[in-house]
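Q: Note that the protein sequences, when read in sequence, are chains W and H. Quick note on the working numbering: the first sequence kicks off at 1 and runs consecutively. Quick note on the working numbering: the second sequence kicks off at 1001 and runs consecutively.
Simulated from the structure, these hints should not be mistaken for laboratory data. Do not take every clue at face value.
As the list claims (entries may be wrong) - Restricting the straight-line Cα-Cα distance to at most 25 Å, the calculated cross-link-like pairs of lysine to aspartate or glutamate (DMTMM-like) are:
| no. | chain 1 | residue 1 | chain 2 | residue 2 |
| --- | --- | --- | --- | --- |
| 1 | W | Lys-38 | H | Glu-1122 |
| 2 | W | Lys-38 | H | Asp-1102 |
| 3 | W | Lys-38 | H | Asp-1083 |
One letter stands for each residue in the lines below.
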Amino acid sequence: MSEQVAVVVGAGGGLGSATALVLANAGFSVTAVDRTEKALDQLPDGIHRVVGDATDPVVARNVVDRIATESGPPRYW
Amino acid sequence: MNTLGAFRPGEALAATPEDLRVMLDVNLGAALWLSQAVAPYMRRRGGGAIVHVSARPASVPTAGMAAYSLGKAALNHLVRILDLELRPDGIRVNAVAPQLLDTARNRAVLAPEALAHAVPPEAIANIIAFLVDGLVTDIGGAIVPAYGA
């Protein structure tokens, strides 16, 4: 069974966390990204977490590459 | 789904180089760097969908938030450029543009009357989910307004 991989950046914020939950409830395999681990603590188990500051182009690329390796190439970003 | 954003109030004549740098870095730069990084994976998969979060001041001139508005306005244009450049690869790029979100952070700093038309984050999240839905194959370059009643 192929999984729909979705990534939500800024998932520690109100909109980001709501988006992560909506997509997870819709059946997506969700990875949540934010600048700090603390910001992602509120998310339920089952949502993967990656810490990184996407305003840095090198970090953004590293975050995407890590997600692709760990969860599979994202189709929904 | 790029929900990153930062806000700084301030009129155009009061904007500092730091204000502009931060507003562009967070509201535009992150969108560009993330899109650059994820597009090659989507191309190899034969397609995908990217959604960025813009804001009403990006397209409706609003006093008192110049640097922020400029960052979001540039983001709108980026979404349309990315749509042109990535649509041949089956990658759709869209954005949703809220006006004001009903969040704990906003409730802590804004008066109740200012929040009268605030939209719950879940409503915006539902629009984002719609934009990535596999059934929605022909929408690209759209900036979907979500301003509340």
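Q: Does each hint hold? Answer for all of them.
A: Each hint tested on the structure:
no.: 1; hint: W:Lys-38 with H:Glu-1122; result: holds, 21 Å
no.: 2; hint: W:Lys-38 with H:Asp-1102; result: holds, 22 Å
no.: 3; hint: W:Lys-38 with H:Asp-1083; result: violated, 34 Å
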